[in-house]
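*Asks:* Protein chains in written order, with the working numbering: chain A, 23 to 245; chain B, 23 to 245; chain C, 23 to 245; chain D, 23 to 245.
Keep in mind that a hint or two might mislead.
One copy or two, it doesn't matter: identical chains are merged, so the pair holds either way.
Taking lysine-lysine pairs in the DSBU-like style, the calculated list, with each CA pair at most 35 Å apart, reads [claimed, not checked]:
hint: 1; residue 1: Lys65; residue 2: Lys187
hint: 2; residue 1: Lys84; residue 2: Lys141
hint: 3; residue 1: Lys84; residue 2: Lys158
hint: 4; residue 1: Lys139; residue 2: Lys65
hint: 5; residue 1: Lys141; residue 2: Lys65
hint: 6; residue 1: Lys180; residue 2: Lys83
hint: 7; residue 1: Lys187; residue 2: Lys84
hint: 8; residue 1: Lys33; residue 2: Lys187
hint: 9; residue 1: Lys152; residue 2: Lys83
hint: 10; residue 1: Lys141; residue 2: Lys32
hint: 11; residue 1: Lys187; residue 2: Lys83
hint: 12; residue 1: Lys180; residue 2: Lys141
Hint data in this document are derived by calculation from the structure and do not stem from the laboratory. As the structure is a computational prediction, the values presented were derived from the model and not from experiment.
Number of protein chains: 4
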Amino acid sequence: MSSKRAADPKKLATELAETGRAFQARGWALGTSGNYSAVLRDKPLRLLITSSGVDKAYLNKKHFLEIDDHANILRGEGWPSAEALLHVAVARARGAKSILHTHSVWSTILSERHAGKHKSMAISGYEMLKGLEGVKTHEHQEWIPIFENSQDIPALAKEVDALLKQDARPHGFLLRGHGLYTWGDSVAQARRHAEIFEFLLEVVGRRELAEHAGKGSGWLLGN
Amino acid sequence: MSSKRAADPKKLATELAETGRAFQARGWALGTSGNYSAVLRDKPLRLLITSSGVDKAYLNKKHFLEIDDHANILRGEGWPSAEALLHVAVARARGAKSILHTHSVWSTILSERHAGKHKSMAISGYEMLKGLEGVKTHEHQEWIPIFENSQDIPALAKEVDALLKQDARPHGFLLRGHGLYTWGDSVAQARRHAEIFEFLLEVVGRRELAEHAGKGSGWLLGN
Amino acid sequence: MSSKRAADPKKLATELAETGRAFQARGWALGTSGNYSAVLRDKPLRLLITSSGVDKAYLNKKHFLEIDDHANILRGEGWPSAEALLHVAVARARGAKSILHTHSVWSTILSERHAGKHKSMAISGYEMLKGLEGVKTHEHQEWIPIFENSQDIPALAKEVDALLKQDARPHGFLLRGHGLYTWGDSVAQARRHAEIFEFLLEVVGRRELAEHAGKGSGWLLGN
Amino acid sequence: MSSKRAADPKKLATELAETGRAFQARGWALGTSGNYSAVLRDKPLRLLITSSGVDKAYLNKKHFLEIDDHANILRGEGWPSAEALLHVAVARARGAKSILHTHSVWSTILSERHAGKHKSMAISGYEMLKGLEGVKTHEHQEWIPIFENSQDIPALAKEVDALLKQDARPHGFLLRGHGLYTWGDSVAQARRHAEIFEFLLEVVGRRELAEHAGKGSGWLLGN
Chain A
23 MSSKRAADPK KLATELAETG RAFQARGWAL GTSGNYSAVL RDKPLRLLIT SSGVDKAYLN
83 KKHFLEIDDH ANILRGEGWP SAEALLHVAV ARARGAKSIL HTHSVWSTIL SERHAGKHKS
143 MAISGYEMLK GLEGVKTHEH QEWIPIFENS QDIPALAKEV DALLKQDARP HGFLLRGHGL
203 YTWGDSVAQA RRHAEIFEFL LEVVGRRELA EHAGKGSGWL LGN
Chain B
23 MSSKRAADPK KLATELAETG RAFQARGWAL GTSGNYSAVL RDKPLRLLIT SSGVDKAYLN
83 KKHFLEIDDH ANILRGEGWP SAEALLHVAV ARARGAKSIL HTHSVWSTIL SERHAGKHKS
143 MAISGYEMLK GLEGVKTHEH QEWIPIFENS QDIPALAKEV DALLKQDARP HGFLLRGHGL
203 YTWGDSVAQA RRHAEIFEFL LEVVGRRELA EHAGKGSGWL LGN
Chain C
23 MSSKRAADPK KLATELAETG RAFQARGWAL GTSGNYSAVL RDKPLRLLIT SSGVDKAYLN
83 KKHFLEIDDH ANILRGEGWP SAEALLHVAV ARARGAKSIL HTHSVWSTIL SERHAGKHKS
143 MAISGYEMLK GLEGVKTHEH QEWIPIFENS QDIPALAKEV DALLKQDARP HGFLLRGHGL
203 YTWGDSVAQA RRHAEIFEFL LEVVGRRELA EHAGKGSGWL LGN
Chain D
23 MSSKRAADPK KLATELAETG RAFQARGWAL GTSGNYSAVL RDKPLRLLIT SSGVDKAYLN
83 KKHFLEIDDH ANILRGEGWP SAEALLHVAV ARARGAKSIL HTHSVWSTIL SERHAGKHKS
143 MAISGYEMLK GLEGVKTHEH QEWIPIFENS QDIPALAKEV DALLKQDARP HGFLLRGHGL
203 YTWGDSVAQA RRHAEIFEFL LEVVGRRELA EHAGKGSGWL LGN
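Chain A with its partners taken away, still in its complex shape:
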């Protein structure tokens, strides 16, 4: 997945903007939440990333910045989200070409539930899993790490970097009470992964809410 040739920034910004508007329409990016990026160049690392605070219903190719691996702005107006460093960490640890971060109801609900004891959740048995790159069967078990949410993004980025370098399995991770990060070899692949995770989290979320209904504070596992 490595190339030193620069990608086409306009094309990538257009693809990311379309993706962002589609996610907003589904309720995965309300309140200006979420951020989306694509790798422009590997060495040195250059990322195209959403400018912070934009209403994703109106996201267009002008709302993107070029940043380096310290989230310094090289081009464009506005400011990147503090979470830009998480995008850098994923790009580095995985060689991903695009990273997408959604804030959905179901990722929020399940990230809370499973954060406590196991700091992760696992999903298996669904055909939809086969849409995750490299997965060949619905019997695959997708293990999804869950990080405690933090406002110390550099520290969180280190944790993410360490885990993703150490464990090649995950196609995405959750931040507790916050949302999903996923990625891919292209904007299209990252978008496919985001849709697959959001779908599976809704399926599992509805089932788990029902299974544990009526148990009061029992919703949070192991806390």
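Starting from the structure of chain A, add chains B, C and D where the hints point.
*Replies:* Leaving out everything else, chains B, C and D in the frame of chain A:
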């Protein structure tokens, strides 16, 4: 947030209309419900506000009236909602530049549940809270007052005015069995706040419905 | 609400078609379900009504027929739904100018639950009720009759006619496992009523599903 | 339903593409999931079918392939899904002219629940059932077979073929943890059937989740 220079009414009406159509599409303004306003001038207070009874799917800039702080119509056709006085109260008590009122399923469900005993609810632990103006961490606890619904709007406006002047914390409030009021420094900020509250109320609502499932009349707390 | 002057068929067909497409988008008219009408003339009664079997996503003004009070076709291509006689019954019993029939998930779920024992359900305490014509306060109790579903539409039409002539309160009724009928003085008012009922049925449905969760076959009351 | 005259491939591709985009908008085809086909010719069998891996939000008439009854590509770019053989089986066993496969949240949830013991589920009592071709009353009981999901598609195609030839009742079937297959005499009829099944699965799914809430692992029947 105070200025005596008049704002551009056409621009504000266009922004409010776009916001209203987007809310209607999400089911937050069915049955012609909801009303939206922006401050045209501070002193004397002049508000641009939706004309009552309009299907929000078709809301456009012509559906707005200019009113004074007694909800007298200064310009435009039609009638303001009786709730215009709540908009006036929020504009006064908070210096808000735009006030938005939604009628969603989740705000209705949770406003009923928490109205009885505590006359409020609190939400904390979610990253989405950081989108509320001035909030710096997901550990923030957002306290949401809930007022009993009433058809005596002048009396209700006084209650709202008194609470908002006394307590600077809330970014919005609920009316029992009725819906959400929120506001901001601009239409965009008020819209961001509305989306954030609606998102959080859905997350909390789904979890609370599950936690208290099977308890029959136990849904209403402390009644 | 009575007038012998013929209404404008093109305008009414356009309004009904827009309404139908909007309802389909919300999932209230899947699988070609639902039918919509408007009164063209009172005496003798002439109704404009959807042709049967049309995908409501593509409903346009050409998909409407003119029928008399025995559902004989006077103009237009295709066939009216067998349920046209229910539209006739509502137009007669209430002098309604437009009748709308939706098939939503929540009206289906609640029509089953409350059909058995009480053959009706009641909703009160919600501000949204004030959008029903003539209702002045959220304390209003809206009583919604529920008829057993039947394929003998003439017999069902007589039941509907009898009840609506005898009881002036309802703004709509449910057919068990089937859906909602509501009406108004105009297409716009009937559409407002449909949106209000669908909203309230979702609010009540979510709450009742939770309250009775885990009770197995207890979902159906009194059966 | 049999004819040797070739159908119009462009018209069918356009209809299938419109159907696919509409399904994607409803969340029934996330993550590039789902595949759609129409019969071009009976003898020898020729199918027009979606090329694999396309984001269904952007599906257009160019994303279709012509295949024979061994899923060999005769025309078009890309590759058919491995599941093309299931489309062939349905076309053969039922003389269907169009076959649609959706991946919805509710079909996934219910296919898991009912797969274990009975390898099927039954739905009755809903008016919406009358939209299934040949069904005359809501009292109809629609029996929906559920097959274990498998990556051995030729073996699964044989199972599907055997059951559909032996039992003329089903208008569709589920694959466990995977989704719905349904079909019809035309793209429009298959689409109507898909919408009806998805609607009914949501109604039944919401009710069953509630009825069995709080029972922990009790969600899966008979496992």
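*Asks:* Out of the numbered hints, which ones does the structure contradict?
*Replies:* Result: hints 2, 4, 10 break, sorted rising.
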